[in-house]
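Student: Numbering (the working numbering), first residue to last: 454 to 947.
To be clear, the hints were calculated from the coordinates, so they are not data collected in a lab. Do not take every clue at face value.
Claimed, not checked - Subject to a maximum C-alpha distance of 30 Å in a straight line, what follows is the list of computed DSS-like cross-link-like pairs (lysine-lysine): (1) Lys861 x Lys831; (2) Lys632 x Lys680; (3) Lys817 x Lys831; (4) Lys817 x Lys861; (5) Lys504 x Lys632; (6) Lys501 x Lys831; (7) Lys831 x Lys541; (8) Lys593 x Lys632; (9) Lys861 x Lys501; (10) Lys861 x Lys819; (11) Lys541 x Lys501; (12) Lys831 x Lys504; (13) Lys682 x Lys589; (14) Lys593 x Lys541; (15) Lys632 x Lys501; (16) Lys541 x Lys589; (17) Lys831 x Lys632; (18) Lys861 x Lys504; (19) Lys589 x Lys632; (20) Lys541 x Lys504; (21) Lys682 x Lys593; (22) Lys861 x Lys541; (23) Lys632 x Lys682; (24) Lys680 x Lys593.
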Amino acid sequence: MNKRTRTSVDKAVVNVWKREVGQLSTRNFAHRLGASEDLVWRFDIYTKLEKHRGCVNTVSFNADGDILVSGSDDRRVILWDWETGRVKLSFHSGHNNNVFQAKIMPYTDDRSIVTCAADGQVRLAEISECGRVEIKLLAKHQARAHKLAIEPGSPHIFYTCGEDGLVQHFDLRTQAATKLFTCQPIDDRRNYMSVIPLNAISIDPRNPNLFAVAGSDEYTRLYDIRKYKWDGSTDFGQPTNYFCPLHLIGDEHVGITGLAFSEQSELLVSYNDEFIYLFTRDMGLGPNPLPASPVSLGIDASDKIGGDHQFSACPSTMETDENGTPQVYKGHRNCETVKGVNFFGPNCEYVVSGSDCGRIFIWKKKGGELIRVMEADKTVVNCIECHPHTMVLASSGIESDIKIWTPKAIERATLPTNIEEKPKARGWMYRIASPDDLMLQLFSLQRQRTSPGRSGETSDARRELLDLILTFNANSDASSDNEGDTISQDDLFY
454 MNKRTRTSVD
464 KAVVNVWKRE
474 VGQLSTRNFA
484 HRLGASEDLV
494 WRFDIYTKLE
504 KHRGCVNTVS
514 FNADGDILVS
524 GSDDRRVILW
534 DWETGRVKLS
544 FHSGHNNNVF
554 QAKIMPYTDD
564 RSIVTCAADG
574 QVRLAEISEC
584 GRVEIKLLAK
594 HQARAHKLAI
604 EPGSPHIFYT
614 CGEDGLVQHF
624 DLRTQAATKL
634 FTCQPIDDRR
644 NYMSVIPLNA
654 ISIDPRNPNL
664 FAVAGSDEYT
674 RLYDIRKYKW
684 DGSTDFGQPT
694 NYFCPLHLIG
704 DEHVGITGLA
714 FSEQSELLVS
724 YNDEFIYLFT
734 RDMGLGPNPL
744 PASPVSLGID
754 ASDKIGGDHQ
764 FSACPSTMET
774 DENGTPQVYK
784 GHRNCETVKG
794 VNFFGPNCEY
804 VVSGSDCGRI
814 FIWKKKGGEL
824 IRVMEADKTV
834 VNCIECHPHT
844 MVLASSGIES
854 DIKIWTPKAI
864 ERATLPTNIE
874 EKPKARGWMY
884 RIASPDDLML
894 QLFSLQRQRT
904 SPGRSGETSD
914 ARRELLDLIL
924 TFNANSDASS
934 DNEGDTISQD
944 DLFY
């Protein structure tokens, strides 16, 4: 007699029975329930939070999970009671450009919020008992500052990174910034780039001494803060480890937009116009990776994963990695904006990401199976934030609202049939926001045109040059509409 395959519903019933008879603790029951695929299939929009007047670039829950903080192109920071949709507090951040990240410092009674923005500034907002907000400028990057990372469990320590390549360490007890290092290219392949512009930074929750940074090249760099000499007597710029899929080593056209550590110290890396990869610690390349091209590694460029971005592509070249193959997650599109990536589930059972197609993608962490695609925005979804204790997601992007997702749907969803329909890639062209950015891109194009073997690509290079100039023009026009620092009645409490 054939044994019937047990479904997720069957497992849920068994777990309820085990809990009732004392064979399963309440904590383990909650963890098993939170990891249930059945709940993932039933995600639906619970509510929309609508108060911002521009793209929402950051969403983050507090430690208790009852407050959501958001930041936007309108330069405002809003604290939400997300369950009721009510605004608890709204204030102007003090930044003079788009707010890219806003986080509540733990163990501060939700009264200390740190922010970074497109103006390069890092600020601290302190909320008094009477509700008054005092904002302080802590430090400044020389270019856009995309991300900050808070040391787990610390009400004082956090880090920032920026497109100037600088990584800074902050201690709110002194409210002073320490410039740790400026990220440098590992060789002269990118000689048009004196530093590596950084997009992402993340701290290992199991070992807060370790943090990773990544940006406009193919490598994720891991650092150990214990090696830093606080008297500045040594150079701290050397990573303890590098991570990169073998087929991307030497690829000058990729960069990294998002990083995340799991509770098991796994490292999740999201590449632009490519895929998402999961590394374990033993998959690192070591502290001194030798620069190599796919050809020198014996990898045919036509086999390179991501070359045609087909959903059914298989990373056959990665099977040669004797240190283990990083798990790959495919199907989404990440080329238009700086997108984050995240883990989801009580034990990080799932991987979640936004996409240029306006959808949210959820994969099983183990095996990389895509199990859910959710229609979220009309344009780009950049941020997916997971509730710290329960099955709740918050998403945001180019639209001005925030969507809260809960497993409330009666019917289970199925995967759409048009997963492979993705927007046309524009690569790193979203970066062009200043004359300096334009010049870096022009130098890159000139170098490509004069490289050996590229004599037949002159017309393509000219077309790409024209696209660069037109994109710069469009971005300049769009950004000029957001200049100025007006304060209205909305700067008051709601």
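Student: Compare the structure with each hint and give your call.
Tutor: Evaluated hints:
1. Lys861 x Lys831: Given pair Lys861, Lys831 holds - Cα atoms ~22 Å apart, limit 30 Å.
2. Lys632 x Lys680: It holds: about 14 Å lies between the C-alpha atoms, which stays within 30 Å.
3. Lys817 x Lys831: 25 Å, holds
4. Lys817 x Lys861: Holds, at about 20 Å.
5. Lys504 x Lys632: Given that 30 Å is the threshold and the Cα spacing comes to 36 Å, the pair is violated.
6. Lys501 x Lys831: Holds: Lys501 and Lys831 sit about 14 Å apart, inside 30 Å.
7. Lys831 x Lys541: 28 Å, holds
8. Lys593 x Lys632: 11 Å, holds
9. Lys861 x Lys501: 15 Å, holds
10. Lys861 x Lys819: 25 Å, holds
11. Lys541 x Lys501: 15 Å, holds
12. Lys831 x Lys504: 18 Å, holds
13. Lys682 x Lys589: Roughly 27 Å between the alpha carbons, so the hint for Lys682 and Lys589 holds.
14. Lys593 x Lys541: 29 Å, holds
15. Lys632 x Lys501: 39 Å, violated
16. Lys541 x Lys589: 21 Å, holds
17. Lys831 x Lys632: The hint is violated at about 40 Å.
18. Lys861 x Lys504: 24 Å, holds
19. Lys589 x Lys632: 18 Å, holds
20. Lys541 x Lys504: Status holds; Cα separation ~12 Å.
21. Lys682 x Lys593: Distance ~22 Å between Lys682 and Lys593 Cα, so the pair holds.
22. Lys861 x Lys541: At roughly 25 Å apart (the allowed maximum being 30 Å), Lys541 and Lys861 satisfy the hint.
23. Lys632 x Lys682: Roughly 12 Å between the alpha carbons, so the hint for Lys632 and Lys682 holds.
24. Lys680 x Lys593: It holds: about 24 Å lies between the C-alpha atoms, which stays within 30 Å.
The structure shown violates the earlier hints numbered 5, 15, 17.
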